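Engineer: With chain A held as given, fit chains B and C onto it using these hints.
Listed in order, the protein sequences are those of chains A, B and C.
The first sequence begins at 560 in this note's numbering and counts up by one.
The second sequence begins at 560 in this note's numbering and counts up by one.
The third sequence begins at 560 in this note's numbering and counts up by one.
Be careful, since some hints might not be right.
The list treats identical chains as one, so a pair stands whether inside a single copy or across any two.
Unchecked claim - Pairs of lysine to any residue, SDA-like flavour, derived with a Cα cap of 20 Å:
#1 Lys705 - Tyr729
#2 Lys766 - Glu722
#3 Lys851 - Asn659
#4 Lys589 - Thr675
#5 Lys589 - Gly599
#6 Lys805 - His749
#7 Lys770 - Lys807
#8 Lys807 - Arg778
#9 Lys705 - Tyr735
#10 Lys705 - Phe673
#11 Lys671 - Tyr616
#12 Lys671 - Gly647
#13 Lys671 - Tyr709
#14 Lys643 - Pro827
#15 Lys805 - Leu750
#16 Lys851 - Ala714
#17 Lys589 - Gly604
#18 Lys766 - Pro755
#19 Lys589 - Val676
Calculated directly from the structure, the hints in this document are not laboratory data.
Small disclaimer: the values here were computed from a predicted structure and weren't measured.
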Amino acid sequence: MEHKIEGNISHLTGVFMRGKCFPSIFFSTKSCKEVKDRYGQAEDGLYYLTTSTGVVYQTFCDMTTAGGGWTLVASVHEDNIYGKCTVGDRWTSQQGNNANWPKGEGNWANRKTFGTVEAATDDDFKNPGYYDIDAEDMSVWHVPNKTPFYHWNLAAIMRYHTERRFLHLYGGNLYYLFHRYPVEYNVGAHLSDNGPSIPIVYDLGDKESTKMFYGPNTRGETEGGFISFRAINLERAATAICSGVKPKGGEVDAYCIGGGGFFPQGNPLQCGDFTSFAWNGYGTNVGWSASKQMLESAVLLFYR
Amino acid sequence: MEHKIEGNISHLTGVFMRGKCFPSIFFSTKSCKEVKDRYGQAEDGLYYLTTSTGVVYQTFCDMTTAGGGWTLVASVHEDNIYGKCTVGDRWTSQQGNNANWPKGEGNWANRKTFGTVEAATDDDFKNPGYYDIDAEDMSVWHVPNKTPFYHWNLAAIMRYHTERRFLHLYGGNLYYLFHRYPVEYNVGAHLSDNGPSIPIVYDLGDKESTKMFYGPNTRGETEGGFISFRAINLERAATAICSGVKPKGGEVDAYCIGGGGFFPQGNPLQCGDFTSFAWNGYGTNVGWSASKQMLESAVLLFYR
Amino acid sequence: MEHKIEGNISHLTGVFMRGKCFPSIFFSTKSCKEVKDRYGQAEDGLYYLTTSTGVVYQTFCDMTTAGGGWTLVASVHEDNIYGKCTVGDRWTSQQGNNANWPKGEGNWANRKTFGTVEAATDDDFKNPGYYDIDAEDMSVWHVPNKTPFYHWNLAAIMRYHTERRFLHLYGGNLYYLFHRYPVEYNVGAHLSDNGPSIPIVYDLGDKESTKMFYGPNTRGETEGGFISFRAINLERAATAICSGVKPKGGEVDAYCIGGGGFFPQGNPLQCGDFTSFAWNGYGTNVGWSASKQMLESAVLLFYR
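Just chain A, with the same shape it has in the complex (with noise of 0.2 Å):
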C-alpha cells in the first residue's frame, strides 16, 4: 500500500477511529472543542490530544451534545464499596480512613493520571487535560460500569451539562477550583463552606430522577438540578462532587463522591470513591442507600 505523505496535509486531524492506513501526525490540539471547532470532526470516539506542555493522550470526545466538543478528562469509579479506603479509591484514600492523612491520595489537585479511556467505566481514570486545558463548562455522564465506550452515550442513565461558563470563575478546571476549595478533612464546616453548586441542563434526566438515585433519607436535604463542588458533612469530612444535586444539610457523604482522607462517622464506613452510598444495605434505596443503578455506575466528567 502506497502512502505519499508529502503535499497539503491541513486536513489531517488527530482522530484514530476505526483507522485504516494513516500517519501519526499529531497536531497540538489541546481539547475535544479545539478538535471540533477547528477541523469540523463530528463524531464521538477516541481522539489524541496534546497538552499545552506537549504531552500526548487519547480520550474521548462528545461531539454531539449541546454543540458537541466534550473533553473526557476523568471517571469516578467504585471498584468495591466493601472496600473502605482501599486499593482503587483513587479519588480519596487507598490508605484507609486516617485523621493524619487529611488530603487523602490529593488527585482532585494534582497531576497524577491514571487509568485508560477504554476502561473508564472498569476503574478510575484522569488524563492529562484534568488539569491542563482550559474549559468554561462541565458535562456529566453515569454510565453502568463495564460498558465499552461505543456504547455510553446509549446506556447512560444520567446526562447533564452547566451552560453558565462557570469554570472561568475558578481557574479554568477542577485542578484550580479545588485548589481553592481543597478536599480535605476538617478545613471547613457544612454548608457555610461548602464549594460553589452550579444549575446544570439534563440531556437525560431530571430533578425528580437525580434526587430518586440517592437514598430517601437524602432527599429532603437536596435540591436537584445542579452540580456541586467540595461539599463537607457534619463531622467535617470533605467530598469532591455532588452529581446532580445541591446540598442543604450535611449527611452529604450519602450523596456526594469523592474525598479527602477521613471521615470520622462510623469510622471507616464514610470512606471510599463512593462514600457512604451503601450505608443502609448494597444497592437497597432505602435510608441513606443510594439505587443499585447509581451504586454500579461510573461517573465520567467532561470539559467544554
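Structural biologist: Same frame as chain A, but now just chains B and C:
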C-alpha cells in the same frame, strides 16, 4: 541526517527493534499475526500494534514458534507469595480475601490494562490486545522472573501452544471466554462447572515435566498436556488458568493461577496470583507445593 | 495550515515544548545528552526519548546545568510519612514491613516503570531510561512536592551532580549498580557492606546546608558533599540512596531514602520511601527528624 519521507512507504511496518532513524508511521495492525502475514516480519521482538478502536500499544511478537504470529497479551506474575491478595495480586484481589468481593479485581474479564512489555517478567502485564484481538489459539511461556524479553525464549522453563482454534468457540479471546465462565467465587462446583480444557502441543517440555512442576499431591488429580480455564476448587473458589494440565479433582488452587476474590480454605492462605503454590513451603515441591522454578516464573499468555 | 514534510528533516528533533504544528517523527535518541549533542537543543523541558529496544517515553531534560544533557529517570516521593510501607511506597514496599519480603518492591533493580514526568513531584516516577541509558554521572534535585516541571529548577531546595564518571564502574546506571549492591534486608552489615559514596559538586547548596536538612542526631555520623548508595543500617535493613551525604555510622534510615522490604527497628516505623525521616515528629528537625523542607520535597534523579 536527511530523511525524505515522501514516496512509497509501503515497506514500512511497526518494527521498532533496535531502530535507527525511522518515521513513526502507524499502520492499523491489530496483531502480530497480521504484522507477519501482511509485512512478512520474521523476527521476535517488540512491535507497536493498534486496536480496532485506535489505541496504540507496544508488545512482544513471537514470530518463530509453529509458524509465528503470536501476540503477547498478558503475563501473570507473583511478586510475593506471602502476600495474600495484596498490592500486586491483580489477577485475583488486591483487597484481601473477601467473600463480599467474589469477583475480586475482575481483570480476567474487563478492559483494564497494566504493566509494560519490558517488565512482563517483573510484574503483571495486560495490554489492550487481551480484549481486542480476535484470535483462534493461545500459547503460553513460563519464563523466570526478571528475564529481559530478548532472552525469554531461551530462558523459558516450559512453552506450548494450542492448535484446535478453540477461541472461536469462546468469543475469540479470554475477555469473552471469562465472561462466559466468570472467575468468581461461588458460581459453581468443582469439576462439573469448570471451564474448557484444551489439548496442547509442547514447544518445550512434555506432559511429565509439566506435572513435575506442581506438587506431588497434585499429580494424582491432573492430566498433563492441556490448558484449562476457570477451574473451581472444592470450596467453590474460582481460579483462572491451569497451565499445562487438566484438573480431575478439586484441589485446583495448587496448580491453577489467578482467581476471584475469595478462597475459603485456610483463609486467606490460598488468595493471590499463584494461589496456594507454596502451601507446604516455598518452592519445596513437596505435598501441594509447586517447584521453585514454577513459583519464580511469570506466565506469559499469547494469542494467534 | 499546510505542511510539506518531504525533504530534509534533519533539523527535527523530539522537542514537544509548547509545540505548534509538528510531525511526530521520532529519531532514536536515547538520552537528553544525545539530544543535546546531536541536535543542539539547549532548552530545559519535556522531550520524547526512545530506548535501545524501541520503547518511546517522555521525560524532562536539564539542558543547562554544568553543560546540560541530564535525563530525568526517576523521582522518589513520599506521599504519606505516616503510611508505613503502604500503597505509594514503591521504592521500599507496598505490602508492609515484612521479613519474608526482604527485597520489597525491588524497583531499584527491575524494569518496572511508573508515574509520569508532569507528576514527578506529585508521586513516584521511574521511566525506561532508568535501566536503558548508559550513563557516566548523576545529578539530583530536591524539589518541593506539587511543583510543575517548568518551576523545578527555580523551586529546588538542593541541586548537585557528580563529575567522576562513576557509573562506568557500576554498569552504567542504577539498575546495574543495584544489582551489584542489592537493596535487600539482611545482605550485609552497616558500613562494611555499604555501596559506593561519590563526591558531588553543588549547583545549589553546600555541605553544611545539606547536613542541616537532616536531623541533628545524624550530623555526627555523616559527611556532606557525597551521594551514597545502598547504605545498610544497624539492624541490617538496606536503604537505597543517601542524598548529599556519606554515612559514617549505622543510623542511615534517618538520612537515606528507599530500601528493601524490612526494617526491624520499631517495626514498622522505619518502613517507607522516606524511611525514618519523621522519627521524632513531622518535619521538626529535632533528634533524628529531617526538616519539613526535606520531608516535603521529591528527590529527582538524573543521568548523563
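Engineer: Each hint: holds or not?
Structural biologist: Verification of the hints:
In the homo-oligomer, the alpha carbons of Lys705 and Tyr729 lie at most 20 Å apart only across protomers (19 Å), although the nearest pairing inside one protomer, at 32 Å, exceeds that limit. Taking the shortest Cα distances, Lys766 and Glu722 sit within 20 Å of each other inside one copy (16 Å), while across copies they are farther apart (57 Å). Only between protomers do Lys851 and Asn659 lie at most 20 Å apart by alpha-carbon distance; the minimum there is 16 Å, versus 33 Å within a single protomer. In this assembly of identical chains, Lys589 and Thr675 lie within 20 Å of each other by CA distance both inside one copy and across copies; the values are 18 Å within and 18 Å between.
For a Cα distance limit of 20 Å, the shortest separation of Lys589 from Gly599 inside one copy, 15 Å, qualifies, whereas the shortest one across copies, 28 Å, does not. For the homomeric pair Lys805 and His749, the shortest alpha-carbon distance inside one copy (12 Å) is at most 20 Å, but the shortest distance between copies (51 Å) is not. For a Cα distance limit of 20 Å, the shortest separation of Lys770 from Lys807 inside one copy, 13 Å, qualifies, whereas the shortest one across copies, 53 Å, does not. In this assembly of identical chains, Lys807 and Arg778 lie within 20 Å of each other by CA distance solely inside one copy; the values are 10 Å within and 55 Å between copies.
In the homo-oligomer, the alpha carbons of Lys705 and Tyr735 lie at most 20 Å apart only across protomers (13 Å), although the nearest pairing inside one protomer, at 30 Å, exceeds that limit. Both within a single protomer and between protomers do Lys705 and Phe673 lie at most 20 Å apart by alpha-carbon distance, with minima of 17 Å and 17 Å respectively. Taking CA atoms no more than 20 Å apart as the test, Lys671 paired with Tyr616 passes in both settings, with 13 Å inside one copy and 16 Å between copies. With identical chains, the CA atoms of Lys671 and Gly647 are at most 20 Å apart both within one copy (14 Å) and between copies (12 Å).
Proximity of Lys671 and Tyr709 under a CA criterion of 20 Å is satisfied inter-copy only: 16 Å between copies versus 26 Å inside one chain copy. Taking CA atoms no more than 20 Å apart as the test, Lys643 paired with Pro827 passes in both settings, with 6 Å inside one copy and 19 Å between copies. Taking CA atoms no more than 20 Å apart as the test, Lys805 paired with Leu750 passes inside one copy only; the shortest distance there is 10 Å, against 53 Å between copies. When the C-alpha separation of Lys851 and Ala714 is checked against a cutoff of 20 Å, the pair qualifies only within one copy, where the shortest distance is 15 Å, while the shortest distance between copies is 48 Å.
Taking CA atoms no more than 20 Å apart as the test, Lys589 paired with Gly604 passes in both settings, with 16 Å inside one copy and 18 Å between copies. For a Cα distance limit of 20 Å, the shortest separation of Lys766 from Pro755 inside one copy, 18 Å, qualifies, whereas the shortest one across copies, 49 Å, does not. With identical chains, the CA atoms of Lys589 and Val676 are at most 20 Å apart both within one copy (16 Å) and between copies (18 Å).
Of the numbered hints listed earlier, not one is contradicted by the structure.
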